[in-house]
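> Chain by chain, the residues run as shown.
2 protein chains.
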Amino acid sequence: MSKFALQDKCYRITTLDAKDIRWPTSLGSHGSDAMHTDPDYSCVYVTINTSDGLYGNGLTFTLGRGTDIVLLAVKAMKGMVENRTSHSIFGDFAKFWRELTSESQLRWIGPEKGVTHLAAAAIINALWDLWGKIRGVPVWRLLTDMEPEELVSTIDFRYITDAITPEEAISILKSSKEGRESRVASLVSNGYPAYTTQVGWLGYTDDYIRTLCQKYLAAGFTAFKIKVGQNLQNDIKRCKLVREEIGWENKLMVDANQIWDVDVAIEWMKQLREFKLLWIEEPTSPDDVLGHKRIADALREYNVGVATGEMCCNRVLFKQFLQANALEFCQIDSARIGGVNEILAVYLMAKKFNVKVCPHAGGVGLCEMVQHLQMWDFTSVSCTTDDRMVEFVDQQHEQFVNPAEINSNACYIAPQAAGYSTELKPEAIAGYEYPVGTEWTKMFTEGIFKIQEY
Amino acid sequence: MSKFALQDKCYRITTLDAKDIRWPTSLGSHGSDAMHTDPDYSCVYVTINTSDGLYGNGLTFTLGRGTDIVLLAVKAMKGMVENRTSHSIFGDFAKFWRELTSESQLRWIGPEKGVTHLAAAAIINALWDLWGKIRGVPVWRLLTDMEPEELVSTIDFRYITDAITPEEAISILKSSKEGRESRVASLVSNGYPAYTTQVGWLGYTDDYIRTLCQKYLAAGFTAFKIKVGQNLQNDIKRCKLVREEIGWENKLMVDANQIWDVDVAIEWMKQLREFKLLWIEEPTSPDDVLGHKRIADALREYNVGVATGEMCCNRVLFKQFLQANALEFCQIDSARIGGVNEILAVYLMAKKFNVKVCPHAGGVGLCEMVQHLQMWDFTSVSCTTDDRMVEFVDQQHEQFVNPAEINSNACYIAPQAAGYSTELKPEAIAGYEYPVGTEWTKMFTEGIFKIQEY
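Chains as they are written, first to last, in the numbering used here: chain A, 17 to 470; chain B, 17 to 470.
Hint data in this document are derived by calculation from the structure and do not stem from the laboratory.
Among the clues, some could well be false.
Same chains, same names: a pair is fine if it fits in one copy or spans any two.
Stated by the list, open to error - List of simulated lysine-lysine pairs, DSSO-like, C-alpha gap at most 27 Å:
| hint | residue 1 | residue 2 |
| --- | --- | --- |
| 1 | 94 | 466 |
| 2 | 466 | 111 |
| 3 | 286 | 309 |
| 4 | 190 | 19 |
| 5 | 309 | 368 |
The following block holds chain A by itself, in its conformation from the complex (with noise of 0.2 Å):
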């Protein structure tokens, strides 16, 4: 037991409340990439209730299909949260992480990885927002505040002895120390850098590219991405096209999504090697350690770094990437691997192993959970944030009663609200719970879409 928890108020949490809430954004072109050609952004949306009234909320991303398939893993994992009190949650963390994602029968259809595993995420980013709201701060300034051996008491090192042990990653944060206090004041003066995917899915027409790169360049970017991976010919007119609006001073990067086998992503890239690229995102499978590192390898001599995470499923392959020295770019997503514990660990590793964590953000509440992840990294594990920078992409925040926001300099604002910025407004889950949501019912009454029924 973390003897610092219960030194917090004791809640007594009731009832965990999942929901799918799916948006018609396969409607535009919005999100589509070379392998997920009409994605219907989604959540499960999970609702953590205590006895006080006070509640947490927590999410994993979806592309709409399939939402209700997390949705039911969420509810077969529920009676492991309901009842519990606060203190024998989050005093000894790491054990409640691995009651979850290690049920005995529930493991088999895992483990750790795909549906069962985002929907663990779903819940355990709830409990830390609920954590940030019992002792009133946002979760980036919850984990800068934690004492190191509370932070690392809440990670499962199961699996990741042979990269770090928690004697390694207490030390990590404890020689971060100095210099702490004003990195927070850089932090809420200036934000944290971020980058835009804005100006280049795949379905936008050339004119609609450059409106946007104008668009983003205006607001203060400095950092650009687009996908690739259809057509070479049309990547090499589409990276030229970005660069002659962005100039050669501002960065680029690609993002292939999985599409290529190992050695035609090394070919590939290499017939982009003019573009001055800062990395290949996801050049093929989110499995292969070893590919991506041949790859790496591969690109070294043209300076195109390689970039993976987004659909990494847990902590046991990323201990991999970083062993093999298989990326330059850990790309962390707030809502794939089990949640803020296991995200820890991989930060953690990623200090150790000396490899930049730039987070994947975007569909919906990416943003506005992993904000908080980077900005606790610049405050107490790298303590920088050169080459670093967070995704974003301007979808989806309206719904959310705390926001992800971009200053003028192109940076996310640190969120000053207590918890993780998790909360959707009421009339966001009103009108698009699926399929019950007041838009959904109107959709399906027009035709625009059918529902799915098995």
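Mind docking chain B on chain A? Use the hints.
Just chain B now, kept in the frame of chain A:
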């Protein structure tokens, strides 16, 4: 399109029916291991019906809770199967397989792992059963008799071309043509070697273990596997006890079911070195290629091989285990990776990398299915049974119309019935469909089990 499948009679698929079937095996300690302490052996059972009355059955194995989640995933996919013709599927089976496993919205909640991949496996296995019945042969014979080009055309090579190309796969199969019919004849006469896991589930008493060793020795078994990992002294005691019963000429393997971290695995296994163990199975996380490699390297001097695969999530992970030389025994599972098509790719990669395949079985229907694949390995891929064997566990066979059978030399008898041996008896379904089956209704009434409710 494959010209071969178009020579078969064409069937129209009408409906795909899926059921949640569970047996209350947790009432004994049968099947318990270090990580799965109370399994209720279960499956999602798929029936694919055609307009001609011919049908195919397939399943994926589960442990009780969570079967409903996989069931929902099967239902989410059934629209991709219903109203198709057999020609449109088998005529380009790799294309169909990719459609099923990479559906543009559903893939996000995988991809190709966990719940969605188990669901795909159940469907794909049912299609192979149907295909066997269309050609009127058991699946091992269907595979053996296929032209190499047709067999290879069923495999999706995405993400594995850096390890094996379709041309290399065809060439492996062509080179095994010589002697194939004599191997078929030997298989039909002698069967295929099995080993037993029956003697050493955790939770058995010493006396019961001795009794079981004697029973399986008498039944002709020469290879035995026991569970380890909860307590070192107890493991030493049980290894000693089993060696006393089976002697030193017979083979002994141990299985840790993922309980250890990498360094613990190495140290623990050094303590068991005196027992001349053929392999240590699942020493650590099933996702940890580099960890297994370290363990394999460390244990080579003790002549203990590393075995894993029953929870290896897809061909991309298997590819890396093989490329990294991280295992000596490749334990494919017939229901975890995406069905027969993907498993064929693993067999062919294992052949290329010179690694022995010794399939995982047991559970529900795993013996029934995997015997077909391993028999094909003998007729057409490795062409030998040296150091190869299929796990056999005497559980749930009585539920099947064509159960796996072991002869008096402890060999699997080559199935003769057309299809994949996957059909459950009507009374098994009537009794154990969850939660409506007659046996479950009785257990709920008697208070032996509480019905699962969310």
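> Next, verify each hint and record whether it holds.
Results for each hint:
{"no.": "1", "hint": "94 x 466", "verdict": "between (30 Å within a copy, 16 Å between copies)"}
{"no.": "2", "hint": "466 x 111", "verdict": "between (43 Å within a copy, 26 Å between copies)"}
{"no.": "3", "hint": "286 x 309", "verdict": "within (16 Å within a copy, 31 Å between copies)"}
{"no.": "4", "hint": "190 x 19", "verdict": "within (18 Å within a copy, 67 Å between copies)"}
{"no.": "5", "hint": "309 x 368", "verdict": "both (18 Å within a copy, 21 Å between copies)"}
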